[in-house]
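**Student:** For the protein sequence lines, the chains are S and X, in the order given. Each residue of the first sequence is one higher than the one before, counting from 2 in our numbering. Each residue of the second sequence is one higher than the one before, counting from 2 in our numbering.
Do not take every clue at face value.
One copy or two, it doesn't matter: identical chains are merged, so the pair holds either way.
Restricting the straight-line Cα-Cα distance to at most 27 angstroms, the calculated cross-link-like pairs of lysine-lysine (DSS-like) are [what the hints assert, rightly or not]:
{"id": "1", "residue 1": "Lys83", "residue 2": "Lys207"}
{"id": "2", "residue 1": "Lys170", "residue 2": "Lys151"}
{"id": "3", "residue 1": "Lys83", "residue 2": "Lys97"}
{"id": "4", "residue 1": "Lys19", "residue 2": "Lys113"}
{"id": "5", "residue 1": "Lys134", "residue 2": "Lys207"}
{"id": "6", "residue 1": "Lys200", "residue 2": "Lys131"}
{"id": "7", "residue 1": "Lys131", "residue 2": "Lys113"}
{"id": "8", "residue 1": "Lys157", "residue 2": "Lys131"}
{"id": "9", "residue 1": "Lys207", "residue 2": "Lys131"}
{"id": "10", "residue 1": "Lys157", "residue 2": "Lys97"}
{"id": "11", "residue 1": "Lys200", "residue 2": "Lys19"}
{"id": "12", "residue 1": "Lys134", "residue 2": "Lys19"}
{"id": "13", "residue 1": "Lys32", "residue 2": "Lys131"}
{"id": "14", "residue 1": "Lys32", "residue 2": "Lys157"}
{"id": "15", "residue 1": "Lys32", "residue 2": "Lys170"}
Derived from the structure by calculation, the hints contain no laboratory data.
Number of protein chains: 2
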Amino acid sequence: MIITISREFGSGGRELGKRLADELGIPCYDKEIISMIAENQGFDENYVSYISETSIRETYPVTIGNHFFTTGLSYATQQAIKINAEQTKIIENFAKQGDCVIIGRCADIILKEYNSFNIFVYAHMDAKVKRCKERNSENESWTDKELVRKIREVDKNRAKYRSIYADTKWGDRENYNLCVNTTNVEIKTIVPSLAQYIKTWFEQNK
Amino acid sequence: MIITISREFGSGGRELGKRLADELGIPCYDKEIISMIAENQGFDENYVSYISETSIRETYPVTIGNHFFTTGLSYATQQAIKINAEQTKIIENFAKQGDCVIIGRCADIILKEYNSFNIFVYAHMDAKVKRCKERNSENESWTDKELVRKIREVDKNRAKYRSIYADTKWGDRENYNLCVNTTNVEIKTIVPSLAQYIKTWFEQNK
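So here's chain S without its partners, still in its complex pose (with noise of 0.2 angstroms):
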């Protein structure tokens, strides 16, 4: 039972995907990927999250998982992907572990041959804006066009993430096996159903 993750920032997809966790008494996995990716490359933590977060196609060359050629790439370049490789190898070891909820990374399709059941979560813009500032009274102080763009410029580096993996575009319904509109949702009532959903799931795609 590999459940992922994949959200639209702001969506409560991180909250879906613990809650769903503890429903289900199996481990979740989130930022514990970027720490062990730091830990096991030697890099920092921010900077692994900042190759993460921000769009790193620019500096890579081609798609990962085909054949490429190491010589001559930049310094950036190779450390982004030392750090995806990395994070495959981690990714995959918490699959071949057993039961687990994996949110974000691109977990989806590095999981392809492992039989995951894939979440998209996402909400209407106002929602989304309510959300930020309800989860962290840091975002208080934004305005809501702030967080507008902030939530765009997420989303916008997750999709281009995403490209480096697959050719297939993030958020796009048949990547998924459920997409999960959070608008005036509260996260934790739709977690026990969601998880009966999920199990039926499984009992048919063993």
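Put chain X on the given structure of chain S with help from the hints.
**Tutor:** This is chain X only, laid out in the frame that chain S set:
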């Protein structure tokens, strides 16, 4: 509790809608809508079906709901307008009567003001071809290639038909509360958890 179902052809959306209605103990409106339009307007059912399943956009000058001039319109266009006006009336009446599931017919757009729960049902092409064959023995004589073409054509027409009613795109996740991928899923198994999800949603969106 008004639930609308939009769906890709062959995804099992109709079955899902009917079973969901049974589970929730509420009526499901599907082909009844066509029959009622035909009866009320004195058209033949097949004609009503044809007008709504094939693209009427070409003969249809303006977005429904906008002001339009009927002078000088072709007979076909006038009939299309009549049919769509009747459809809107019938669907709104269903919604006014109480809880129900409505399949297709742009009900999600027509009932925008009714706080409906909108589902989009989809599946991978292989799964849709398989379902088409299982569902209808008539389809057994079709080659896979022919079925793929048919599925694409029906969906293209559904997308076009929707574009008469709304600027938003058929199948785009933001138009729906939940997008359900039925690939490798037996519809009846997922209905109880979906019903639970929907009940929870309506508790928060009265």
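**Student:** Please go over all the hints and tell whether each is borne out by the structure.
**Tutor:** Going down the list of hints, with the structure as the test:
no. : hint            : verdict
1   : Lys83 / Lys207  : neither (33 angstroms within a copy, 51 angstroms between copies)
2   : Lys170 / Lys151 : both (20 angstroms within a copy, 25 angstroms between copies)
3   : Lys83 / Lys97   : within (21 angstroms within a copy, 60 angstroms between copies)
4   : Lys19 / Lys113  : within (21 angstroms within a copy, 32 angstroms between copies)
5   : Lys134 / Lys207 : between (40 angstroms within a copy, 24 angstroms between copies)
6   : Lys200 / Lys131 : between (31 angstroms within a copy, 24 angstroms between copies)
7   : Lys131 / Lys113 : between (34 angstroms within a copy, 22 angstroms between copies)
8   : Lys157 / Lys131 : within (20 angstroms within a copy, 36 angstroms between copies)
9   : Lys207 / Lys131 : between (39 angstroms within a copy, 20 angstroms between copies)
10  : Lys157 / Lys97  : neither (31 angstroms within a copy, 41 angstroms between copies)
11  : Lys200 / Lys19  : both (16 angstroms within a copy, 22 angstroms between copies)
12  : Lys134 / Lys19  : within (20 angstroms within a copy, 40 angstroms between copies)
13  : Lys32 / Lys131  : within (23 angstroms within a copy, 40 angstroms between copies)
14  : Lys32 / Lys157  : within (20 angstroms within a copy, 41 angstroms between copies)
15  : Lys32 / Lys170  : within (23 angstroms within a copy, 35 angstroms between copies)
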